[in-house]
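> The listed protein sequences derive, respectively, from chains E and C.
Each residue of the first sequence is one higher than the last, beginning at 1 in my numbering.
Each residue of the second sequence is one higher than the last, beginning at 1001 in my numbering.
Calculated directly from the structure, the hints in this document are not laboratory data.
As the structure is a computational prediction, the values presented were derived from the model and not from experiment.
All C-beta atoms in this analysis are idealised placements derived from N, C-alpha and C, irrespective of residue type, glycine included.
Possibly wrong hints are sitting among the right ones.
The calculated lysine to aspartate or glutamate pairs, modelled on EDC-like cross-linking and capped at a C-alpha distance of 20 angstroms, are [stated by the list, open to error]:
| hint | chain 1 | residue 1 | chain 2 | residue 2 |
| --- | --- | --- | --- | --- |
| 1 | C | Lys1251 | C | Asp1135 |
| 2 | C | Lys1008 | C | Asp1070 |
| 3 | C | Lys1011 | C | Asp1070 |
| 4 | C | Lys1251 | E | Glu21 |
| 5 | C | Lys1060 | C | Asp1220 |
| 6 | C | Lys1194 | E | Glu116 |
| 7 | C | Lys1194 | C | Asp1164 |
| 8 | C | Lys1222 | E | Glu21 |
| 9 | C | Lys1060 | C | Asp1070 |
Derived list of chain C stretches under chain E, where covered just means 3 residues or more per stretch with a C-beta under 8 angstroms from a C-beta of chain E [as the list claims (entries may be wrong)]:
| hint | segment |
| --- | --- |
| 10 | 1003-1014 |
| 11 | 1147-1159 |
| 12 | 1185-1191 |
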Amino acid sequence: MTIYGTALLAGCHLLGIIFGELIGRSLGMTTNVGGVGIAMILLISLRFFLHKRGMFTETSETGVQYWSALYIPVVVAMAMQQNVIAALRGGPVALLAAVGTVAACSLCISFINRLEK
Amino acid sequence: MLTEILEKVSKDNGLIMAFAVVGIITLLSGFISRKLTLGRIQGSAIAILIGLGLAYVGGKMTGGSKGLADVTYFGGLALMGGNMLRDFAIVATAFEVHPEEAKKAGWIGAVALLLGTVVPFIVGVLIAYAFGYRDAVSMTTIGAGAITYIVGPVTGAAIGASSDVMALSIATGVIKAIIVMVTTPMLAGFLRLKTPRSAMVFGGLAGTVSGVSAGLAATDRKLVPYGALVATFHTGIGCLLGPSVLFLAVKALV
């Protein structure tokens, strides 16, 4: 059943967020700390666990894959509701941060790959 | 009468309307990607840029802070692109990671991944600082955006960044992805992109899945899976470290 996949995803999502809230509280913050990342690790582990026991059918997987495929469209929708006008007032910050990042990372890649014999 | 009906229908079916609008934009950006950039710039990156452009138009039209979602017909975008569905879809992408293949990526992939999280973050934070952002939340959000355009808003939402800083953070990530896509084939020699191992290092450090997969595809198709495999961990690790370790580190320094 497709819903099993989506329900598994929902369960991991909620558990991750709850853990994130708990970590946040224990660090003295009201914010969620790493909830999404924890949810992802939960999903990877659970998928591995269930797959090994043959408890997760291909039909169930489509219930997760659909949402995974929707992530770019969701990000596009997210982009459409950003406060771009306010961001542009920030000016060249985004451009410089991006260029600086790519330059710094390129140097690291080049250095590490030159170590390979 | 027609406008009245349209208004009512789009209001009662906000999310459905959003699906249709995003679908049309994706179709359009796929066309632009293939015909105008010859596949050099990935459709998803163009779609995001169009989205940011429309957010600008929406903001100009309404004077609101939610971009196109403030315009009558497009209110459903706020739900589709809101925190709930965004995080749900991002968690779902973890499904594409195969643990047994990940093990083969080995320690060098992990090192590159960690460097690829910390180096962009530091550069982003320093530039944010240089431009007058002195609060830990804004600096962390912009730094996280330099990791990927997903990590930026996820981190920003978690630590309570303002919408304009979030937009700046997304813009940083999108610009970074586009630079990686466009410059990778040109920099392939300098980066020594020849072997699967070098592609894994690249995937870890260059970050965004879209940037890495498009950049490698334009360089050497055989290298794509190796780079993408490591890059798929990027968003997860960024989302884990961004609002936690990295935010606390910045907070401690400010």
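> Which numbered hints are broken by the structure, listed smallest first?
When the structure is compared with the hints, numbers 5, 7, 8 and 10 turn out to be violated.
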